[in-house]
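Please work from the sequences and hints to get the whole structure.
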Amino acid sequence: MSDIVIIGTGHAAVQCAASLRDLGNTSSITLIGPEADLPYHRPPNSKKYVIEGIPEDFSLLRAADFYENEKIDLVLGETVESIDVENCQVMLASGKTQDFGQLVLAPGSQPRTLPIPGIEHTLSLYSLQDARDIYVRLSAASTVAVIGGGFIGLEIAAAAAAAGKTVTVIEAAPQILGRSLTPDLAKRIRSIHEAAGISIIDSASVKEITLDGVSTDGDFIGADLVLCGAGSVPRTQLAEGAGLETSNGIDVDQYLETSKPNIYAIGDAACFLSAGGTRRRYESVQNANDQARALAKTLSGERTAYGALPWFWSDQGSVKLQMAGDSRDASETVTVDGAQAPQAAAFCFDGQEHLCAVETINWPAYHALSRKALSDGRVISRDQLAGADFDLKAALKS
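Numbering of the sequence shown is given in my numbering, commencing with residue 117 and proceeding in unit increments.
If you're looking for bench data, these hints aren't it; they were derived computationally from the structure. A few of these clues could be false.
Pair by pair, the computed Cβ-Cβ distance ranges are [to be verified]:
{"id": "1", "residue 1": "Asp-300", "residue 2": "Arg-248", "range": "33 to 39 Å"}
{"id": "2", "residue 1": "Asp-453", "residue 2": "Asp-215", "range": "55 to 61 Å"}
{"id": "3", "residue 1": "Val-349", "residue 2": "Tyr-251", "range": "42 to 48 Å"}
{"id": "4", "residue 1": "Met-117", "residue 2": "Glu-324", "range": "50 to 56 Å"}
{"id": "5", "residue 1": "Arg-444", "residue 2": "Lys-303", "range": "34 to 40 Å"}
{"id": "6", "residue 1": "Glu-202", "residue 2": "Ser-143", "range": "17 to 23 Å"}
{"id": "7", "residue 1": "Thr-326", "residue 2": "Asp-181", "range": "46 to 52 Å"}
{"id": "8", "residue 1": "Leu-208", "residue 2": "Tyr-251", "range": "27 to 33 Å"}
None of the values given here were measured: they were computed from a predicted structure. The C-beta atom is built at its ideal place from N, Cα and C for all residues, glycine as well.
What follows is the structure in C-alpha coordinates.
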(Lines of atoms letter the chains of each structure in order from A and count residues from 1; the text may use other names and numbers.)
(Lines give C-alpha, C1' and ligand atoms only; values in the text may rest on other atoms or scores of the structure.)
Protein backbone atom coordinates (compact mmCIF):
# COMPACT_ATOMS: atom_id res chain seq x y z
CA MET A 1 0.00 0.00 0.00
CA SER A 2 1.26 3.46 -0.95
CA ASP A 3 -0.58 6.59 0.20
CA ILE A 4 0.10 8.32 -3.13
CA VAL A 5 0.86 6.45 -6.36
CA ILE A 6 2.02 8.52 -9.33
CA ILE A 7 1.89 6.89 -12.76
CA GLY A 8 4.65 8.39 -14.88
CA THR A 9 8.25 9.45 -14.38
CA GLY A 10 8.33 12.62 -16.49
CA HIS A 11 8.46 16.28 -15.48
CA ALA A 12 4.97 16.39 -13.92
CA ALA A 13 5.33 13.15 -11.97
CA VAL A 14 8.73 13.92 -10.47
CA GLN A 15 7.83 17.54 -9.68
CA CYS A 16 4.68 16.40 -7.89
CA ALA A 17 6.64 13.97 -5.70
CA ALA A 18 9.33 16.58 -5.00
CA SER A 19 6.77 19.27 -4.18
CA LEU A 20 4.98 16.94 -1.76
CA ARG A 21 8.21 16.52 0.16
CA ASP A 22 8.99 20.26 -0.05
CA LEU A 23 5.62 20.90 1.61
CA GLY A 24 6.47 18.54 4.45
CA ASN A 25 4.09 15.82 3.26
CA THR A 26 5.23 12.54 4.80
CA SER A 27 2.84 10.27 2.89
CA SER A 28 4.34 7.19 1.29
CA ILE A 29 4.92 7.91 -2.42
CA THR A 30 5.46 5.51 -5.32
CA LEU A 31 6.43 6.57 -8.85
CA ILE A 32 5.88 4.01 -11.63
CA GLY A 33 7.14 4.47 -15.20
CA PRO A 34 7.84 2.33 -18.26
CA GLU A 35 11.27 3.75 -19.11
CA ALA A 36 14.41 2.15 -17.70
CA ASP A 37 16.34 5.43 -17.48
CA LEU A 38 16.27 7.60 -14.39
CA PRO A 39 13.80 10.50 -14.85
CA TYR A 40 15.39 13.06 -17.16
CA HIS A 41 14.85 16.43 -18.80
CA ARG A 42 13.12 15.95 -22.16
CA PRO A 43 13.92 19.21 -24.05
CA PRO A 44 17.54 18.17 -24.84
CA ASN A 45 16.22 15.16 -26.77
CA SER A 46 15.30 17.29 -29.79
CA LYS A 47 17.56 20.25 -29.13
CA LYS A 48 20.83 18.40 -28.60
CA TYR A 49 20.92 14.63 -28.11
CA VAL A 50 19.73 13.58 -31.58
CA ILE A 51 22.77 15.34 -33.08
CA GLU A 52 25.47 15.09 -30.42
CA GLY A 53 24.50 11.80 -28.84
CA ILE A 54 23.57 11.21 -25.23
CA PRO A 55 26.31 11.76 -22.66
CA GLU A 56 26.72 9.38 -19.74
CA ASP A 57 25.82 12.21 -17.39
CA PHE A 58 22.62 13.16 -19.25
CA SER A 59 20.47 15.76 -17.56
CA LEU A 60 18.44 14.20 -14.75
CA LEU A 61 15.35 15.80 -13.23
CA ARG A 62 16.74 15.00 -9.79
CA ALA A 63 20.03 13.52 -8.60
CA ALA A 64 20.18 9.75 -8.61
CA ASP A 65 20.08 9.55 -4.81
CA PHE A 66 17.15 11.97 -4.48
CA TYR A 67 14.48 9.28 -4.43
CA GLU A 68 16.12 7.19 -1.74
CA ASN A 69 16.95 10.25 0.35
CA GLU A 70 13.36 11.52 0.12
CA LYS A 71 11.88 8.07 0.74
CA ILE A 72 10.19 7.95 -2.67
CA ASP A 73 9.77 4.48 -4.14
CA LEU A 74 10.87 4.71 -7.80
CA VAL A 75 9.74 1.81 -9.99
CA LEU A 76 11.37 1.95 -13.44
CA GLY A 77 10.79 -0.23 -16.48
CA GLU A 78 7.29 -1.15 -15.32
CA THR A 79 4.08 -0.53 -17.23
CA VAL A 80 0.72 0.00 -15.56
CA GLU A 81 -1.85 -2.01 -17.51
CA SER A 82 -5.07 -1.12 -15.72
CA ILE A 83 -6.66 0.66 -12.78
CA ASP A 84 -9.17 -0.95 -10.44
CA VAL A 85 -11.01 2.16 -9.26
CA GLU A 86 -13.30 0.39 -6.82
CA ASN A 87 -10.49 -1.44 -5.00
CA CYS A 88 -7.96 1.43 -5.32
CA GLN A 89 -5.38 -0.73 -7.05
CA VAL A 90 -3.25 -0.59 -10.20
CA MET A 91 -2.25 -3.72 -12.12
CA LEU A 92 1.24 -3.90 -13.59
CA ALA A 93 2.44 -5.73 -16.70
CA SER A 94 4.70 -7.86 -14.50
CA GLY A 95 1.63 -9.27 -12.78
CA LYS A 96 2.19 -7.30 -9.60
CA THR A 97 -0.39 -4.97 -8.07
CA GLN A 98 -0.03 -1.70 -6.20
CA ASP A 99 -2.66 -0.40 -3.78
CA PHE A 100 -3.13 3.35 -3.48
CA GLY A 101 -4.87 5.89 -1.31
CA GLN A 102 -4.69 8.63 -3.93
CA LEU A 103 -3.68 8.17 -7.56
CA VAL A 104 -2.00 10.73 -9.82
CA LEU A 105 -2.00 10.09 -13.56
CA ALA A 106 0.95 11.72 -15.33
CA PRO A 107 1.35 9.46 -18.37
CA GLY A 108 2.31 12.26 -20.76
CA SER A 109 1.75 12.12 -24.50
CA GLN A 110 2.95 9.93 -27.34
CA PRO A 111 3.87 10.62 -30.98
CA ARG A 112 0.93 10.64 -33.35
CA THR A 113 0.93 7.61 -35.63
CA LEU A 114 -0.12 8.37 -39.18
CA PRO A 115 -2.10 5.76 -41.17
CA ILE A 116 0.35 5.79 -44.08
CA PRO A 117 1.80 2.76 -45.90
CA GLY A 118 5.40 2.31 -44.82
CA ILE A 119 5.08 4.30 -41.58
CA GLU A 120 7.13 1.55 -39.91
CA HIS A 121 10.16 2.88 -41.81
CA THR A 122 10.08 6.15 -39.84
CA LEU A 123 11.40 7.14 -36.45
CA SER A 124 9.63 9.42 -33.97
CA LEU A 125 10.97 11.24 -30.94
CA TYR A 126 9.59 11.05 -27.44
CA SER A 127 11.88 9.16 -25.10
CA LEU A 128 15.59 9.13 -24.40
CA GLN A 129 15.77 5.78 -26.19
CA ASP A 130 14.13 7.38 -29.23
CA ALA A 131 16.87 10.03 -29.19
CA ARG A 132 19.51 7.28 -29.04
CA ASP A 133 17.96 5.54 -32.06
CA ILE A 134 17.67 8.75 -34.09
CA TYR A 135 21.26 9.74 -33.27
CA VAL A 136 22.59 6.46 -34.66
CA ARG A 137 20.54 6.67 -37.86
CA LEU A 138 21.05 10.40 -38.33
CA SER A 139 24.82 10.09 -37.96
CA ALA A 140 24.90 7.77 -40.97
CA ALA A 141 22.40 9.71 -43.12
CA SER A 142 23.12 12.44 -45.63
CA THR A 143 19.52 13.20 -46.65
CA VAL A 144 16.67 13.55 -44.16
CA ALA A 145 12.91 13.98 -44.62
CA VAL A 146 10.79 15.22 -41.72
CA ILE A 147 7.04 14.65 -41.89
CA GLY A 148 5.34 17.44 -39.98
CA GLY A 149 6.20 21.10 -39.50
CA GLY A 150 5.56 21.41 -35.76
CA PHE A 151 7.96 22.49 -33.03
CA ILE A 152 9.78 19.18 -32.48
CA GLY A 153 10.01 18.26 -36.16
CA LEU A 154 11.46 21.68 -37.00
CA GLU A 155 13.91 21.56 -34.09
CA ILE A 156 15.28 18.27 -35.37
CA ALA A 157 15.28 19.53 -38.97
CA ALA A 158 17.26 22.62 -37.97
CA ALA A 159 19.76 20.59 -35.96
CA ALA A 160 20.22 18.13 -38.85
CA ALA A 161 20.73 20.97 -41.34
CA ALA A 162 23.31 22.58 -39.06
CA ALA A 163 25.12 19.23 -39.00
CA GLY A 164 25.42 19.32 -42.79
CA LYS A 165 22.47 17.10 -43.74
CA THR A 166 20.20 17.85 -46.68
CA VAL A 167 16.79 18.31 -45.04
CA THR A 168 13.25 18.45 -46.41
CA VAL A 169 10.22 19.18 -44.23
CA ILE A 170 6.85 17.93 -45.50
CA GLU A 171 3.82 19.69 -44.04
CA ALA A 172 0.18 18.86 -44.76
CA ALA A 173 -1.13 22.33 -43.86
CA PRO A 174 -0.55 25.50 -45.92
CA GLN A 175 1.96 26.76 -43.34
CA ILE A 176 4.35 25.29 -40.80
CA LEU A 177 3.43 25.89 -37.15
CA GLY A 178 -0.03 26.87 -38.37
CA ARG A 179 -1.78 25.55 -35.25
CA SER A 180 0.80 26.92 -32.83
CA LEU A 181 1.86 30.39 -33.94
CA THR A 182 0.29 33.52 -35.33
CA PRO A 183 0.56 33.57 -39.16
CA ASP A 184 3.10 36.39 -39.35
CA LEU A 185 5.58 34.81 -36.95
CA ALA A 186 5.06 31.37 -38.54
CA LYS A 187 6.06 32.88 -41.90
CA ARG A 188 9.13 34.47 -40.34
CA ILE A 189 10.22 31.18 -38.78
CA ARG A 190 9.77 29.51 -42.16
CA SER A 191 12.00 32.11 -43.81
CA ILE A 192 14.67 31.54 -41.17
CA HIS A 193 14.65 27.78 -41.79
CA GLU A 194 14.72 28.19 -45.56
CA ALA A 195 17.65 30.60 -45.27
CA ALA A 196 19.47 27.84 -43.38
CA GLY A 197 19.02 25.51 -46.34
CA ILE A 198 15.95 23.55 -45.27
CA SER A 199 13.46 22.80 -48.04
CA ILE A 200 9.84 23.11 -46.88
CA ILE A 201 7.00 21.59 -48.87
CA ASP A 202 3.57 22.62 -47.62
CA SER A 203 0.04 21.50 -48.50
CA ALA A 204 1.48 18.06 -49.24
CA SER A 205 -0.19 14.73 -48.56
CA VAL A 206 2.16 11.82 -47.86
CA LYS A 207 1.06 8.75 -49.79
CA GLU A 208 3.77 6.22 -48.99
CA ILE A 209 7.07 5.88 -47.16
CA THR A 210 9.78 3.53 -48.42
CA LEU A 211 13.35 2.77 -47.46
CA ASP A 212 14.39 5.31 -50.11
CA GLY A 213 12.19 8.23 -49.17
CA VAL A 214 8.68 9.69 -49.20
CA SER A 215 6.03 9.78 -51.93
CA THR A 216 3.62 12.70 -51.75
CA ASP A 217 0.66 13.60 -53.92
CA GLY A 218 2.98 15.62 -56.12
CA ASP A 219 6.56 14.41 -55.76
CA PHE A 220 9.04 11.87 -54.43
CA ILE A 221 11.53 13.08 -51.82
CA GLY A 222 14.57 10.84 -51.55
CA ALA A 223 15.87 10.37 -48.01
CA ASP A 224 18.22 8.08 -46.12
CA LEU A 225 16.19 8.73 -42.98
CA VAL A 226 12.54 9.66 -42.54
CA LEU A 227 11.41 11.18 -39.24
CA CYS A 228 7.77 11.55 -38.29
CA GLY A 229 7.05 14.71 -36.32
CA ALA A 230 3.32 14.91 -36.88
CA GLY A 231 2.48 16.03 -33.37
CA SER A 232 1.47 14.03 -30.34
CA VAL A 233 -1.63 12.73 -28.62
CA PRO A 234 -2.34 12.40 -24.88
CA ARG A 235 -2.00 8.97 -23.32
CA THR A 236 -5.57 8.36 -22.20
CA GLN A 237 -5.78 4.56 -22.49
CA LEU A 238 -5.49 3.90 -18.75
CA ALA A 239 -8.05 6.57 -17.91
CA GLU A 240 -10.50 5.31 -20.51
CA GLY A 241 -10.11 1.73 -19.29
CA ALA A 242 -10.89 2.89 -15.76
CA GLY A 243 -14.05 4.69 -16.86
CA LEU A 244 -12.71 8.22 -16.34
CA GLU A 245 -14.09 11.03 -18.45
CA THR A 246 -11.81 11.99 -21.35
CA SER A 247 -11.96 14.43 -24.26
CA ASN A 248 -8.78 15.96 -25.64
CA GLY A 249 -6.98 14.28 -22.75
CA ILE A 250 -7.97 13.14 -19.27
CA ASP A 251 -10.68 15.55 -18.10
CA VAL A 252 -10.00 17.20 -14.74
CA ASP A 253 -11.59 20.08 -12.86
CA GLN A 254 -9.82 23.24 -11.72
CA TYR A 255 -8.31 21.23 -8.86
CA LEU A 256 -6.93 18.65 -11.32
CA GLU A 257 -9.25 15.91 -10.03
CA THR A 258 -10.74 13.48 -12.54
CA SER A 259 -14.34 12.29 -12.68
CA LYS A 260 -13.48 9.67 -10.03
CA PRO A 261 -12.67 10.75 -6.44
CA ASN A 262 -9.05 10.56 -5.28
CA ILE A 263 -7.75 10.17 -8.84
CA TYR A 264 -5.99 13.17 -10.39
CA ALA A 265 -4.22 13.95 -13.66
CA ILE A 266 -1.42 16.40 -14.47
CA GLY A 267 0.94 17.22 -17.31
CA ASP A 268 0.61 16.67 -21.05
CA ALA A 269 -2.38 14.32 -20.72
CA ALA A 270 -4.47 16.51 -18.41
CA CYS A 271 -7.32 18.46 -20.01
CA PHE A 272 -8.21 20.96 -17.32
CA LEU A 273 -11.09 23.34 -16.80
CA SER A 274 -9.78 26.88 -17.12
CA ALA A 275 -11.07 29.92 -15.23
CA GLY A 276 -12.96 30.90 -18.38
CA GLY A 277 -14.84 27.62 -18.38
CA THR A 278 -13.12 26.11 -21.43
CA ARG A 279 -11.05 22.94 -21.44
CA ARG A 280 -7.36 23.36 -22.18
CA ARG A 281 -4.42 20.99 -22.52
CA TYR A 282 -0.83 22.14 -22.79
CA GLU A 283 2.29 20.15 -23.61
CA SER A 284 5.09 22.05 -21.92
CA VAL A 285 7.55 21.75 -19.06
CA GLN A 286 6.03 24.85 -17.44
CA ASN A 287 2.53 23.40 -17.44
CA ALA A 288 3.75 20.06 -16.11
CA ASN A 289 5.69 21.63 -13.26
CA ASP A 290 3.06 24.21 -12.30
CA GLN A 291 0.23 21.66 -12.31
CA ALA A 292 2.38 19.35 -10.20
CA ARG A 293 3.03 22.08 -7.63
CA ALA A 294 -0.67 22.99 -7.45
CA LEU A 295 -1.73 19.37 -7.01
CA ALA A 296 0.90 18.77 -4.34
CA LYS A 297 -0.71 21.55 -2.31
CA THR A 298 -4.14 19.97 -2.71
CA LEU A 299 -2.83 16.55 -1.70
CA SER A 300 -1.21 18.18 1.33
CA GLY A 301 -4.49 19.69 2.55
CA GLU A 302 -4.39 23.11 0.86
CA ARG A 303 -6.98 22.82 -1.91
CA THR A 304 -5.50 24.81 -4.81
CA ALA A 305 -7.07 25.63 -8.16
CA TYR A 306 -4.77 25.58 -11.18
CA GLY A 307 -4.56 28.81 -13.13
CA ALA A 308 -0.94 29.43 -14.07
CA LEU A 309 -0.14 31.47 -17.17
CA PRO A 310 1.02 29.10 -19.92
CA TRP A 311 4.39 29.79 -21.50
CA PHE A 312 6.67 27.86 -23.80
CA TRP A 313 9.92 28.08 -25.73
CA SER A 314 11.48 26.39 -28.73
CA ASP A 315 14.93 26.66 -30.29
CA GLN A 316 14.25 27.04 -34.01
CA GLY A 317 17.65 26.87 -35.64
CA SER A 318 19.56 30.04 -34.82
CA VAL A 319 16.64 31.75 -33.10
CA LYS A 320 14.71 31.33 -29.87
CA LEU A 321 10.95 31.34 -30.09
CA GLN A 322 9.07 32.13 -26.85
CA MET A 323 5.35 32.32 -26.14
CA ALA A 324 3.28 33.50 -23.20
CA GLY A 325 -0.48 33.17 -22.94
CA ASP A 326 -2.70 31.35 -25.45
CA SER A 327 -2.99 32.74 -28.97
CA ARG A 328 -5.95 30.42 -29.67
CA ASP A 329 -8.06 33.09 -27.96
CA ALA A 330 -6.84 35.79 -30.35
CA SER A 331 -9.04 37.59 -32.86
CA GLU A 332 -6.43 40.18 -33.83
CA THR A 333 -2.63 40.34 -33.82
CA VAL A 334 -0.23 43.28 -33.96
CA THR A 335 3.42 42.54 -34.78
CA VAL A 336 6.24 44.79 -33.57
CA ASP A 337 9.76 44.52 -35.03
CA GLY A 338 12.81 44.75 -32.81
CA ALA A 339 15.98 46.68 -33.45
CA GLN A 340 17.92 43.67 -34.70
CA ALA A 341 16.30 41.36 -37.28
CA PRO A 342 14.80 38.79 -36.97
CA GLN A 343 13.76 40.12 -33.56
CA ALA A 344 9.97 40.50 -33.41
CA ALA A 345 6.98 40.26 -31.09
CA ALA A 346 3.36 39.42 -31.91
CA PHE A 347 0.78 40.84 -29.49
CA CYS A 348 -2.50 38.92 -29.58
CA PHE A 349 -5.85 40.42 -28.55
CA ASP A 350 -9.08 38.56 -27.87
CA GLY A 351 -12.60 39.59 -28.89
CA GLN A 352 -12.84 41.98 -25.95
CA GLU A 353 -9.59 43.66 -27.04
CA HIS A 354 -7.72 42.25 -24.04
CA LEU A 355 -4.14 41.12 -24.48
CA CYS A 356 -4.24 37.30 -24.36
CA ALA A 357 -0.84 36.19 -25.68
CA VAL A 358 2.56 37.44 -26.80
CA GLU A 359 4.92 35.52 -29.08
CA THR A 360 8.53 36.61 -29.56
CA ILE A 361 11.50 35.77 -31.76
CA ASN A 362 14.94 36.44 -30.24
CA TRP A 363 13.47 38.87 -27.72
CA PRO A 364 13.83 37.33 -24.24
CA ALA A 365 13.40 40.68 -22.48
CA TYR A 366 10.03 41.22 -24.15
CA HIS A 367 9.03 37.65 -23.34
CA ALA A 368 9.76 38.19 -19.64
CA LEU A 369 7.92 41.53 -19.63
CA SER A 370 4.99 39.99 -21.51
CA ARG A 371 4.64 37.21 -18.97
CA LYS A 372 4.46 39.82 -16.25
CA ALA A 373 1.93 41.91 -18.18
CA LEU A 374 -0.31 38.90 -18.82
CA SER A 375 -0.01 37.59 -15.26
CA ASP A 376 -0.82 40.99 -13.78
CA GLY A 377 -3.66 41.67 -16.23
CA ARG A 378 -2.04 44.89 -17.42
CA VAL A 379 -3.79 46.82 -20.19
CA ILE A 380 -1.82 47.32 -23.38
CA SER A 381 -3.74 48.81 -26.29
CA ARG A 382 -3.30 48.37 -30.01
CA ASP A 383 -2.88 52.14 -30.28
CA GLN A 384 0.18 51.97 -28.05
CA LEU A 385 1.69 49.26 -30.23
CA ALA A 386 1.12 51.34 -33.35
CA GLY A 387 3.47 54.05 -32.12
CA ALA A 388 6.93 54.02 -33.65
CA ASP A 389 8.50 54.63 -30.25
CA PHE A 390 6.55 51.92 -28.39
CA ASP A 391 8.48 50.51 -25.46
CA LEU A 392 6.92 47.63 -23.49
CA LYS A 393 8.94 48.27 -20.35
CA ALA A 394 7.85 51.90 -20.28
CA ALA A 395 4.25 50.92 -21.00
CA LEU A 396 4.19 48.60 -17.99
CA LYS A 397 5.46 51.40 -15.74
CA SER A 398 2.71 53.82 -16.82
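To see whether the hints hold, each was checked on the structure:
no.: 1; hint: Asp-300 <-> Arg-248: 33 to 39 Å; verdict: holds, 37 Å
no.: 2; hint: Asp-453 <-> Asp-215: 55 to 61 Å; verdict: holds, 59 Å
no.: 3; hint: Val-349 <-> Tyr-251: 42 to 48 Å; verdict: violated, 25 Å
no.: 4; hint: Met-117 <-> Glu-324: 50 to 56 Å; verdict: holds, 52 Å
no.: 5; hint: Arg-444 <-> Lys-303: 34 to 40 Å; verdict: violated, 18 Å
no.: 6; hint: Glu-202 <-> Ser-143: 17 to 23 Å; verdict: holds, 22 Å
no.: 7; hint: Thr-326 <-> Asp-181: 46 to 52 Å; verdict: holds, 48 Å
no.: 8; hint: Leu-208 <-> Tyr-251: 27 to 33 Å; verdict: holds, 31 Å
In this structure, the hints that do not hold are numbers 3, 5, in rising order.
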